[in-house]
Amino acid sequence: MRNSSKMIILALLAALFCGLYLFHELNGSYDYALPRRGIKVLAMALTGVAIAYSTVIFQTITHNRILTPSIMGLDSLYILLQTVVIFFLGSSHITIVNRHVNFILSIATMVVFALLLYQLLFKKGKRPIYFLLLVGIIIGTFFQSISTFLQVLIDPNEFMRVQDKMFASFNNVSGELVWWALAIVIIMFLIGMRSFNELDVLSLGRDTAINLGVSYDKVVKLMLVISAVLISVSTALVGPITFFGLIVANLSYQFFKTYKHSVLIAGASVMSIIALVGGQWVVERVFTFSTTLSVIINFVGGVYFIYLLLKESRSS
Amino acid sequence: MIQVRELSKFYGKKAVVEKVNVNIHRGKITSFIGPNGAGKSTLLSMVSRLLDADTGEVLVDNDNVKKMKSNDFSKRVSILRQSNFMNVRLTIRELVSFGRFPHSKGHLNAQDIRIVEQAMEYMELLDMQHEYLDELSGGQRQRAFIAMVIAQDTDYILLDEPLNNLDMKHSVQIMKILRRLVEDLGKTVVIVLHDINFASVYSDRIVALKDGRVVKDGPTDEIINSDALKEIYDMDIPIQKMNNCNICVYFNS
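Going line by line, the protein sequences match chains A and B. Take the first sequence: its letters are residues 1 to 316, numbered as in the numbering used here. Take the second sequence: its letters are residues 1001 to 1253, numbered as in the numbering used here.
In case anyone wonders, no lab produced these hints; they're calculated from the structure. From a predicted model like this one, the values you see are computed outputs, not experimental measurements. Treat the hints loosely; a few may be bogus.
[What the hints assert, rightly or not] If the Cβ cut is set under 10 Å, some of the chain A residues that face chain B in the computed set are:
| # | residue |
| --- | --- |
| 1 | 4 |
| 2 | 205 |
| 3 | 215 |
| 4 | 260 |
Each residue gets a CB set at the ideal place from its N, CA and C atoms; glycine is no exception.
Given the sequences, and given the hints that come with them, work out the whole structure.
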């Protein structure tokens, strides 16, 4: 089967699930339920695309197919931020209650953190990218430990609010924020798209990429920033869900069997939409909200991750 | 001509390459030889801007490499390293097509496709162009990478130990191809070699390094003699003339 026909089938499947989610059991509630469902579908599609895109480019620049950008510690930072705010200011403070303030604060903190980290590490001469990842892991663990410490001390009622933030949820996404997120994701695509061909070369390894005239350091830095912004947006919008990117990125590699990033990223994005919208439909209409999507994703993702580990260890 | 001026590289305080001055002449095969850790590969990496030099500069036809755009440089000088680990599964044809990237930016036109096919023909890979690289033997894979470099169509081709892990037959095959590249297409080849007999038989000039410095630099005949080799390798190496080739008999010295 050609890749273009594979893509059409996936796109049709995604459209089918979106339609199913929007119109199944709508009962003629076009004014009330439909716009709300529309916002949710848009939020899921956006999150899916942001995570798929950032994971694929992150895996290419790190030459590793079992990493996700969450290794940079951004979602730990998000949890820490929410915990600290609730711990010190209380859950009724404006930064928690007002979703806009929370959204902007979260994105700003994560992006500034990522930029500072890169700046600090790249300023001191050339370091291998693995050094950056190690620092990311250590800082992420550090953030997590502080969060856990504060969560133990916090008032149990307040902890409920923290817990809300700890799992991704599409159930109460604000309509306006979705449009902001949409704008940011589109901008990131426009910036990154010109480098898709260079990413193809990058997957041949650093030396070959430089030999073929790719400004390696420049492209890697640009991609790191793009993936940090995308992760920040999706996390601030629905919560930490980056693990999900691992599944769709690898499914896309397996399904399309190509080196072309334009195809891989598009494929992973459409697969995310299918998984998120389809998954949410199952959670809402089949399980009637008795579980959340992120629990299912983490379960399926975990099983797939173990499969990937076993496969990689056999092939090398 | 590639001019290397006062090039140095330090790891900590230790100099791996120290104040190296070398001229690489056009239309010739120049071999870098020397003991392990002499800095051959480091020098080649710096010339090809895979590694930043700590001091000194490299001029390609009088243009400073540091001031050149990476893409412009890649149209004039290509480099092939020893290990070519990659994350993706490619066919020979796809790999060789990547050689056109500096010119095409990923959108191959009719001329690019013609050059890719010529490169594969030159390396006798046309029959197997749709086979995957990870299913090839070491010699075939090395040929595929050299085909990519040929498709890149640069005046200068730098190769870092291209004979590594190859048996005698494939080594000779690769060296003959490099010779043809120089003679037929007027390319300039720089090659890091471990086996001095390949350097002796196939190269026009030899640059010998030891402890990060150039100890010998000249036409092959001047370097392949027992005195010079003693200085480079600290070994007494007798030289035998066979079929007009100087062969170094180092196995029991």
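Using Cβ atoms only, decide whether residue 215 of chain A comes closer than 10 Å to chain B, and label the hint accordingly.
holds (5 Å)
Once the shortest beta carbon distance from residue 205 of chain A to chain B is found, is it less than 10 Å?
The hint holds - residue 205 of chain A has a Cβ within 10 Å of chain B, the shortest such distance being about 5 Å.
Verify the interface restraint on residue 4 of chain A: the C-beta must sit less than 10 Å from at least one C-beta of chain B.
Since chain B brings no Cβ nearer than about 17 Å to residue 4 of chain A, farther than 10 Å, the hint is violated.
Next item in the hint list is residue 260 of chain A. Is there a CB on chain B closer than 10 Å to its CB?
holds (9 Å)
The structure shown violates just one earlier hint, number 1.
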